[in-house]
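K.L.:
In case you want the letters, here they are:
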Amino acid sequence: MTRTTQWEVVIGLETHAQLQTKSKIFSGSSIAFGAEPNVQASAVDIALPGVLPVLNREAVVCAIKFGLAVGARIAPRSIFARKNYFYPDLPKGYQISQFEIPVVQGGGLAIKVGAGDTATEKYVHLTRAHLEEDAGKSLHEDFHGRTGIDLNRAGTPLLEIVTEPEMRSSAEAVAYAKALHALVQWIGICDGNMQEGSFRCDANVSVRPMGQKEFGTRREIKNLNSFRFMQQAIDFEVQWQINEIEEGRAIQQATVLFDPDTGETRSMRTKEDAHDYRYFPDPDLLPLEITADWIAQVKSGLPELPQAMKIRFETDYGLSSYDAETLTTTRATSKFFEDAVAATGKDSAKLCANWVTGELAAHLNKTDMPIEASPVSAAQLAGIIRRIADNTISNKIARDVFEALWAGDGKDADAVIEAKGWKQITDTGAIEALVDEVLAANQKSVEEYRAGKEKAFNALVGQAMKATRGKANPQQVTDLLKKKLGA
Amino acid sequence: MINSSLRELSAALAAKKVSAVELATLFLDRIEKFNPALNAFITLDRDKTLAQAQAADEKLKVGAGATAISPLCGIPLGHKDIFCTKGWRTSCGSQMLANFVSPYDANVVEKLAGAGMVTLGKLNMDEFAMGSSNETSWFGPVKNPWDVSRVPGGSSGGSAAAIAARLTPAATGTDTGGSIRQPAALCGLTGLKPTYGVVSRYGMIAFASSLDQGGPMAKSADDCALLLNAMAGFDARDSTSLERPTENYGRDLEQPLAGLKIGLPKEFFGEGMDADVRAAVDAALAEYRKLGATTVEVQLPNSGLSVPAYYVIAPAEASSNLSRFDGVRYGYRAPEYDDLTEMYSRSRAQGFGAEVKRRILIGTYVLSHGYYDAYYLQAQKIRRLIAADFVEAFKQCDVIMGPTSPSVAFAFGAKSADPVQMYLSDIYTISTNLAGLPGMSLPCGFGANNMPAGLQIIGNWFGEAKMLNVAHQYQKATDWHTRMPEGVK
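Protein chains in written order, with the working numbering: chain A, 1 to 487; chain B, 1 to 489.
If you are wondering where the hints come from, they were derived from the structure by calculation, not from laboratory data.
Idealized CB from N, CA, C, for every residue including glycine.
Check each hint, because a few of them may be wrong.
[What the hints assert, rightly or not] Heads up, simulated DSBU-like pairs for lysine-lysine below, C-alpha to C-alpha not over 30 Å straight-line:
hint, chain 1, residue 1, chain 2, residue 2
1, B, 86, A, 137
2, A, 396, A, 444
3, A, 83, B, 381
4, A, 137, B, 357
5, A, 444, A, 350
6, A, 83, B, 33
7, A, 22, A, 112
8, B, 33, B, 48
9, A, 444, A, 420
10, B, 61, B, 48
11, B, 261, B, 466
12, B, 86, A, 22
13, B, 111, B, 61
14, A, 453, A, 411
15, A, 122, A, 22
[To be verified] On the chain A side, residues computed to face chain B include the following (Cβ under 10 Å):
hint, residue
16, 51
17, 151
18, 276
Here chain B stands alone, though its shape is the one from the complex (with noise of 0.2 Å):
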């Protein structure tokens, strides 16, 4: 049951095989049993899971036949603790929200819950998704299921964790530089980032407005489809929310994938990506010429500058968006403070981590008078230049292949010493997020030590049901995504 497909948890839940609150509680158990040495759920509310669950068995007994049931009623996920959860603690990975209790559910969760599905649990992830390594929670990091001395990449590092562990089925990520795809290529697992503005950002806690999104993690792509046709839609409390017509994901899934064209950015194949992974990438083109596929080198000639231009948007927008976290309504306040100057920095010096703080005087400098145009104008103008490449590039191919990440997952504290050595993780991911693009992210061997390597798809604008259809013909042909490790058997 702990490595069946979401389609088929479906169908045993319909066919009273088993009931949501049987499937929770297994799951429950095995989150006793491996979170301890994982840290990947941070919080955790059996009472309220299976009041959840009993509601879903309700849903599933009335509802068969008559009314529309979702496909995804009963099953279990878990929510990274960035999304606000009414009634969970929300702390975003933060001593700042350590104390924080949501009041209000996040669009995703409504519409997740909405759905059927029962919340397991908040993920652990890196305080307010910078990292890219979980090493910067505040509730310690998430430990690798596939080798616990190793890091299960960020931000959404909790879930990922979670998901490879067979904790959970499912699990909600957000991506704002690769906080999705790149966890799950070190973890082995199938994660999306939608088109920015398909899935909203209401009650997801904010880091890079411009550059957040919100995407399923499973184990599969057909998963991710059934997931995210429950996420996306148009939300009016969400200004960047795009007013689209209702999509099924999954409706191309079984699509053949002769005469799809690959485009294979020249820049993503050069030095910088070690070569296990690059073995790996290779490997799965090879499968994709077999399925009919053939490949075109295209040109992402600004690439190179997504990391500072990412580096300068992101840290920017966080260090206002974070503003709102200063101890007077909520959230974490110093003890002793003697006038409110004092509270501020205090509150804000003890509640926030060290890559919070960096980031937050990075985006406060890049702001300021005077160097506003010199950095932040700049960097505005370099992401419509990869935008620009990549509408170039998907002149000449229907999607783009590349590894996720340049390596597979670290051992703990190898990169956290050197940020920028960290920031390169996401090099090839932050370009989509730059350029508003969809990306997935899929598993594709394994490299050095056993480690899991990924596949990165990056779809056109709106290109989420041709990055599906291309990622399940080759979880078809393979079977990489159902590998699970061995230490949670």
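Here chain A stands alone, though its shape is the one from the complex (with noise of 0.2 Å):
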């Protein structure tokens, strides 16, 4: 079969993310990871009678944090509802969520696709965001056919961030999701980590042919827990739905799952038998109301967002904007370039960055290690750098001096130039009788030079750093050589 339509994907993003509060949305219990089935329910979380929820303030924190990072409005009145649904992890028969008036109204993040001179920029609009509790776990092994039930993860706080569905290709929705997952780690909202569930997307997957206006019919691929699975699953769900219109078959409404093994997405239930879950406002609760001083003063204490930092450091440092995307990744990265600044002075900044995205980044990436447990603290690194800068190392030095700190070898760069008598030999001098040696020694270099072989010049700056192991200056020993060649 020739292929003649030019199909055209489109795809919008629903993603929990788990808020990093003390305790529940509705009740005082820890939600922290991994405790013993149930330990972490209370009276409220196992829905016993007679109970009732009282919204915690810090879940709202969160959410006006991330409707300030993304630029949305905060609704000054939002109305919690009641999901009316029947599962055995959900202990009151419904979930508490935001249906008809969210917390956080529009907004949009801006993502880049791709590296290089290929990416591409991109404005991602935001639907909603809106507050919820989580349920619990269904637990079906150990159990001889029967089924476990844990509430320890009932009543975790959530934000359900929904996109507009404005993205067009796998690529565009992993980039968003991974912008994403680094805007509401950099705000403290969400800890990001995928493999405990923190933050998990649901994707709406649909095609249409190119030019067309509707929308064809949409899947949703539930809990995508990385960004491979997200981009595998993306890609076979787009194939499917393809490959099934040319076939002449109409695509189903429906709710699918990935499953990583086989790389493929099936159907968990379609529209059918979707759930009615009857809506309505949750008596139990009063209509959230969020005023103008609340978003004040949560926004004086946001950290400053990474797009703005990331001009801050062009302008500022006059970095690169690869070197300053980079250095904004996390906030941890950018607060560890920063110190290292401080210590060094602005006229550093750029080697600063150069070290920060180049031998440190290398050597956290070889030992996958997060840069706040960098065995080479700002600190240290700065004192590298200041070192360079005065001209009492060179670069190579500098890098074993690296290398002596990463593992444990001094407290830092100037006990480890001193120990090992690594400092340059600046010395005009010395450093004259050191090239009339290497001359002397290297007719055969020479002779090449004057005859026009520019390579043999640089074979004679190479054997005179070798000569002092690499502590001369370069650019003196270059200089030297120049004038005694005549050159």
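Two chains, each in its own frame: build the complex with the hints.
P.N.:
What follows is the structure, given as structure tokens:
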């Protein structure tokens, strides 16, 4: 079959971000991960008769922070509703969520798709973000044909973040998810731990002939808990939908699951057996009212956002867009960089950027370590950079100093340089004597150079550096050689 | 002693004329004697009761003088079985919770226990407070002590019957559409439903969250004032609880009524009220005029919509509130089932009675996709109109009066076959719940077959002290509230 139709992919994402509050959204129980089943479930969480929910203001603060960070409208009045359905790990028989009037309305996120010269930028609009409670967990193993219920997670605060159907490829969806993932951690409302389910995405996917205005019928891929799975699941789903349509079968609205083992999506339930959730305002909770004062107070405690920081890094420190972006990937990285700059002075900012994105990043990557755990502190790195700047050591020696500090060999750069005798030779007389020795011992190179071979000059510099085990100032060596050779 | 007011009991306890243990024993013995015929108490635990009484005696012994002791310390009471009571079975009148022993105390229970009141036991009620005759209780109906062939009213029928029979001097009740006031009227007692939000709902098993309100039931307005002082107050565990300064609800009891303006809604005095009730209410109004009050006709034009609006909103909320009774974590679970759906459907089909299931079905229906706007949203609009009617009416009067119930206590089975007839017995009480207003019922004479009739007083929002004052002055001038059924003497 020849393909005549060009298909356009339409993707919208719904993300559940678990909020980093101390306690649950409607009770005082802890939300720490990994406790014994049901020890973090209070009378309210297990829905004993007569108990009532009380909204945790900390969760609202998280929602306000998010709304501010994405430039959304924070609703002055929003409503908690009950979403009614029966499931063993849903203790009340309903989930408290926001339905008609969510707390965060609109806003959006700038994303960058791809890398390097082919990278494109895009702004993804958000429809809304609303507060809700998580359900518990059903445990099907270890119960010999029965099901165990763990309600530790029941009542954990979630922010559900919903985009407009604006993404046009799995790459865009992943870029958005990554940007969102970075942002919620940046503003400190979610730990972003995807393995533990703190950040999970549902993707609504449909296809339509290029140029068609109406959306195709969508299927929702549930619970994507890694970026790689998201890419795989969407790619599979898109191809499946195109094949179906091209073979003359209409797409049925459905909820599907992605199986990472087979790389396929399969239907969990179709629209016919969709629940009627019977949403209605929860009479146990008053409307959530957020005053301008409250928003202002939260705003004053909000960290500088990555976009703004990136621009500041470019203008204040003269960094490249790429470096500025790399340094604002996480708050910890930006802090490490700025701590180093603070210790070295603004003039060395570019050097600091090079070291953080270069040597340090390479070491961290190799050992899969977060920057917070770096064995070389920002102060120690600054110590190295100061010695490069004042010509005490060369770049090459600096890497050895870094290596030594990484291995825990010495308390700071100066101590390492001192102990190893790595101080750069800057005494012109000493270098001159050395250059003479090198010239005398390498007549062949000298002749080659004089015959016009530029490469021979480099060999002579190399010899000189080698003779000082790298401690000579390379610039001085070069200058002297040139002078002696009459270049 | 069994006819004493709470103030008299308090004085006797303070003067050591009687101990809390003696008082508890007196009532426990009466319960033992009369309860089998009345079925008012459904859970008793003599040891627990006496232990609480002993603790109250200790408190009375040490506390006199130094620390302020509640005037209620050592006085026994019964709790409607809708209030979670730590260590006591809390069934809500249902098979669904017939095996549920609460691990915690409701706020109301906690507060009354804190005041030193002694729990005599748990009182029968319509299943999940859904009923007006106490016939829907899984534990069987409560009998009206004035005539055991008649209903005590509902849903707080156990509370009403127990006080009327002098099995307890006081009881807690809850009122979603009249469940304190209607049984108070049918049993010849005084009962008060506070303004929504005055009494915490924490630990009170929810029927219709936006309408439910706990309140006191006793013989007189004076007793109710003392009880309400102990029950009311802000509770951070209930988001709908109101943060207001502490009030002494009895502060105005002795104010004379000269100049009082009583509003009489035209709609409450039309068709539907039995002649005997009408005669008793008219006589009470005549008494009020004698006390210096004037009456003025007011209008509640939307009150005719209160029953239909109520039977959308209350079942809607109930259908969701009762979802937690699923057989998974506690309560009744069907003995046999093959899968999860069957476990749910059988547990709920067997665990709930017919009236509860009817309301769950109605509520599920009105919240369903496509019907929500037509029913639930419309009902909420009517609710606002009804509240607006009251705002207008209270511009012309201090309190509103009328009958509590259109008839005196009816015979068992008289209305149970026709739900709509049953629902109409709350026609005068429902609108106050929809508006969140406080309401009271007090005995105002006897109607046909020598059954008690009730006068309803509706107060303005937070007008509890005024209502109690109005009721107390009437009770000083009359003695209906002191009458006691022959059969339990």
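K.L.:
Decide, hint by hint, whether the structure agrees.
P.N.:
Now the hints, each set against the structure:
1. B:86 <-> A:137: Holds, at roughly 28 Å.
2. A:396 <-> A:444: 27 Å, holds
3. A:83 <-> B:381: This hinted pair holds, its Cα atoms lying about 22 Å apart.
4. A:137 <-> B:357: Status holds; Cα separation ~29 Å.
5. A:444 <-> A:350: 40 Å, violated
6. A:83 <-> B:33: 49 Å, violated
7. A:22 <-> A:112: 33 Å, violated
8. B:33 <-> B:48: 19 Å, holds
9. A:444 <-> A:420: 34 Å, violated
10. B:61 <-> B:48: 20 Å, holds
11. B:261 <-> B:466: 12 Å, holds
12. B:86 <-> A:22: Roughly 28 Å separates the two Cα atoms, so the pair holds.
13. B:111 <-> B:61: Holds. Residue 111 (chain B) to residue 61 (chain B) sits at ~21 Å (cutoff 30 Å).
14. A:453 <-> A:411: 45 Å, violated
15. A:122 <-> A:22: Since the Cα atoms of residue 122 (chain A) and residue 22 (chain A) sit roughly 35 Å apart, the hinted pair is violated (cutoff 30 Å).
16. 51: Status holds, d = 7 Å.
17. 151: Interface hint status for residue 151 (chain A): holds (8 Å vs cutoff 10 Å).
18. 276: 5 Å, holds
Checked against the numbered hints above, the structure breaks hints 5, 6, 7, 9, 14, 15 and satisfies the rest.
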